[in-house]
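Trainee: Based on the provided sequences and hints, a complete structural model is requested.
Residue numbers for the sequence shown, in mature numbering (1 follows the signal peptide of the UniProt record, and there is no 0): -19 to -1, 1 to 259.
Hint data in this document are derived by calculation from the structure and do not stem from the laboratory.
Keep in mind that the hints are not guaranteed to be accurate.
[As the list claims (entries may be wrong)] The list that follows gives simulated cross-link-like pairs (lysine to any residue, SDA-like), each with its CA atoms no further than 20 angstroms apart:
1) K60 / M33
2) K133 / K197
3) K25 / K197
4) K60 / R24
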Amino acid sequence: MSFRNAALALLLSSSAAVAQDTDVATKYITFNDVDADATQVARKMYGRFYRMVEAERVWLEEPTESYDQMVVRLGDNRKCDPNCGVVALYYIEPDAMWLEVWRGLGDAVGIGDVGMDGIRSIHADDGRVWKWFSTSYSPQVLGDVYESRVAKEDEKRAAYGVLNARSAPPEGVEPPEFLAFDVDLKSGDETVITARSLYYCGNGPCPLIVLDGDNKAIANFRTYAEDFALEPDRDEEGYRLIELSIDDGIGVYSVGSGERVKTIGLMPVLEAGREKPL
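Mentor: Written out as structure tokens, the structure is:
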């Protein structure tokens, strides 16, 4: 689905699950090659909010006649003190409207691969990747990512104990596909187990179970992707926070309490210049 349908996001809300995969920035916009015409257009929208407005034209979608796209750096001064922000804009010609499809802090931005919907990903200055899904940019997990291995039998038994705590699956149900990840959450010997199957996942999120060094379950979550990431920040019990894909973006969870402590939501699509974005 193209940006031409993104104007619907001004009227409709949409939540979607996205899977994280490898995505490399193919171009970095550092605003060393500012486009004068694009900057003039951007200043009309953002000049009342910021002293510095600089724009470069980019192709977030494959080149299409008459549909303009740009990224704009915004700041109170050219030194970006205390900081600058970047917004990505797309022009909807039938509606004569500039849409602000992404915004983030920083003085540069990366443009990545073309996704399934034909829209390029955006790499924020903090390293987080945002991918277009349906009608908005969706955040991907950011932090230490671990390689999977085949789960051991004792790890599977521990995971089954969590999965079947309430009731055993009906006879004939295929066992889930278990993957194990050796992680350092607190003591360095923890394991994350993911389970994928139609029975346990259905059309929703799949189980993700955290085991300690003795293969005792210490947390149980659900996520839409096998990918997860560990943040450097820790919860009150000393466990590193874990990022998971959820309905409305990325959920940051405490392993100690099992509670969600933060949400990194889907990027709202707004009419550009209506309000100060950052």
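Trainee: State for each hint whether it applies.
Mentor: Taking the hints in turn, this is what the structure says about them:
| no. | hint | result |
| --- | --- | --- |
| 1 | K60 / M33 | holds (10 angstroms) |
| 2 | K133 / K197 | holds (14 angstroms) |
| 3 | K25 / K197 | violated (59 angstroms) |
| 4 | K60 / R24 | holds (18 angstroms) |
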